[in-house]
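Respectively, the protein sequence lines represent chains A, B and C. Just so we're aligned: the first sequence equals residues 1 to 115 in the numbering used here. Just so we're aligned: the second sequence equals residues 1 to 95 in the numbering used here. Just so we're aligned: the third sequence equals residues 1 to 214 in the numbering used here.
The set of hints was computed from the structure by calculation and includes no laboratory data. Virtual Cβ for every residue (Gly too), placed ideally from N, Cα, C. No false leads were mixed into what you were given.
The calculated BS3-like cross-link candidates involving lysine-lysine, where the alpha carbons are at most 25 Å apart (straight line), are:
#1 C:Lys149 / C:Lys135
#2 C:Lys100 / A:Lys48
#3 C:Lys209 / C:Lys149
#4 C:Lys135 / C:Lys100
#5 C:Lys41 / A:Lys48
#6 C:Lys83 / C:Lys100
Cβ pair distances, simulated, as ranges:
#7 A:Thr2 / B:Thr34: 47 to 57 Å
#8 B:Ala68 / A:Glu95: 54 to 64 Å
#9 A:Gly49 / B:Pro37: 15 to 25 Å
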Amino acid sequence: MTKEPNTFDGRRWHDMGGEAAGPVPTDQHDFSLWEKRVDALMILASTKGHFTVDGLRRVLEDMGPEAFETMTYYERWIASVNQNLIEAGVYSTAELAQRMSEVATRGATYGEANQ
Amino acid sequence: MSATQFMRVRADMPPGHVRTPIYLRGKTGWVERTLGPFPNPEALAYGLEGEALPLMRVRFTMAEVWGADTPHPDDTIDAEIYAHWLEPAEAPHAP
Amino acid sequence: MPHDHHDHLSPSGHPYRADDDHPLTYWQQMEIAVRELLIEKGVTTAAEINAQIDAMDARTPANGAAVVARAWTDPAFRDALLKDASIATRDMGFDIGPMKLIALENTADIHNVVVCTLCSCYPRNLLGLPPDWYKSRAYRSRTVKEPRKVLAEFGVDLLDTTQVRVHDSTADMRYVVIPARPAGTDGWDADRLTTLVTRDSMIGTGLAKTPDIA
Numbered sequence: 001m002t003k004e005p006n007t008f009d010g011r012r013w014h015d016m017g018g019e020a021a022g023p024v025p026t027d028q029h030d031f032s033l034w035e036k037r038v039d040a041l042m043i044l045a046s047t048k049g050h051f052t053v054d055g056l057r058r059v060l061e062d063m064g065p066e067a068f069e070t071m072t073y074y075e076r077w078i079a080s081v082n083q084n085l086i087e088a089g090v091y092s093t094a095e096l097a098q099r100m101s102e103v104a105t106r107g108a109t110y111g112e113a114n115q
Numbered sequence: 001m002s003a004t005q006f007m008r009v010r011a012d013m014p015p016g017h018v019r020t021p022i023y024l025r026g027k028t029g030w031v032e033r034t035l036g037p038f039p040n041p042e043a044l045a046y047g048l049e050g051e052a053l054p055l056m057r058v059r060f061t062m063a064e065v066w067g068a069d070t071p072h073p074d075d076t077i078d079a080e081i082y083a084h085w086l087e088p089a090e091a092p093h094a095p
Numbered sequence: 001m002p003h004d005h006h007d008h009l010s011p012s013g014h015p016y017r018a019d020d021d022h023p024l025t026y027w028q029q030m031e032i033a034v035r036e037l038l039i040e041k042g043v044t045t046a047a048e049i050n051a052q053i054d055a056m057d058a059r060t061p062a063n064g065a066a067v068v069a070r071a072w073t074d075p076a077f078r079d080a081l082l083k084d085a086s087i088a089t090r091d092m093g094f095d096i097g098p099m100k101l102i103a104l105e106n107t108a109d110i111h112n113v114v115v116c117t118l119c120s121c122y123p124r125n126l127l128g129l130p131p132d133w134y135k136s137r138a139y140r141s142r143t144v145k146e147p148r149k150v151l152a153e154f155g156v157d158l159l160d161t162t163q164v165r166v167h168d169s170t171a172d173m174r175y176v177v178i179p180a181r182p183a184g185t186d187g188w189d190a191d192r193l194t195t196l197v198t199r200d201s202m203i204g205t206g207l208a209k210t211p212d213i214a
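When you get a sec, could you build the whole thing from the sequences and use the hints?
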């Protein structure tokens with residue numbers, strides 16, 4: 001079986017200027033504390049030179065359109081912050097893995113899991 | 001006052017992290033002001049040292065970007081484009 | 001039910017939106033783990049994180065409104081703002097960090113509107129975090145192609161004789177719009193004028209309020 005020729009023209013999903021879209025949504029939500037913490041971690045880690053906002057954007061773009069449609073803004077941010085920190089060698093995947101598992105044992109809600 | 005400097009945005013389609021929107025690639029505008037130099041985000045995004053490059057604010061007419069039949073052809077779009085994406089150009093068709 | 005008590009309310013006096021009574025998500029689990037690892041590795045401290053949250057909470061559209069109102073009443077400041085908005089806002093006392101800011105002045109003939117088609121760049125170090133719509137696919141996609149239709153959705157209907165200038169915030173600069181000063185405000189001082197300056201008017205999706213509806 002042969003595959004159809006790939007028709008990708010190089011346009012990436014995040015580069016959306018000029019595309020057709022519906023009305024601008026007006027709903028607004030306040031940020032919760034965990035989201036503000038993600039924002040703060042990004043600013044602090046980048047201010048201290050571990051990665052740049054360009055690295056943040058690069059990973060967000062590479063996460064693809066499905067992440068944009070299905071994850072919230074700060075869910076995508078923490079995923080990108082984490083990947084940039086691992087790439088920068090600040091901690092290892094194993095350290096993250098073990099800590100996340102430990103966090104999950106603390107309780108069923110963010111409040112319980114946050115020591 | 002210096003002559004208007006027209007620039008055409010390169011029409012390249014590379015993979016990876018770039019800050020030149022696709023809707024402006026291949027389009028010609030004029031330099032509104034020159035900023036920088038700032039390190040190239042195409043390198044910074046990968047944890048590399050970015051070469052310091054001039055950053056141009058380029059102004060395009062709606063007619064140039066979307067075609068002459070756009071409803072308000074004299075409205076404009078300004079965007080910041082790094083120097084390596086720009087090539088000197090002739091003035092585009094009269095807006 | 002356990003609650004994650006942060007030490008303080010937001011500067012507006014409102015509590016943070018509750019986030020601790022829902023089942024722990026994978027991404028919240030990751031945030032806790034990343035934060036703890038960064039503290040243990042000496043990258044940051046809990047106090048520094050709280051201070052950063054407070055610093056961002058303190059940045060609100062009120063900062064921008066003060067800048068705009070001063071530009072309306074102080075011609076030398078207006079000139080300085082248009083020349084280099086980073087310097088002018090810092091000189092006015094605002095901590096905008098490393099942000100590089102350009103001010104765009106609306107006039108009788110020109111209306112400026114700001115968008116970031118590639119992500120959601122916003123002058124957050126002056127105005128605070130962006131509204132959700134600014135980050136939406138619809139706003140990012142349509143504003144560069146049909147700005148007048150987008151503006152009409154925000155209730156801004158411009159004359160055909162007004163030129164629209166869209167600014168796509170693609171790189172290092174951030175933008176704040178100086179809306180046109182409303183008629184009927186002769187003699188108003190800067191403090192009073194700030195009440196007319198909305199967040200949306202500094203993005204370009206709104207106009208400054210007129211005195212009769214302020």
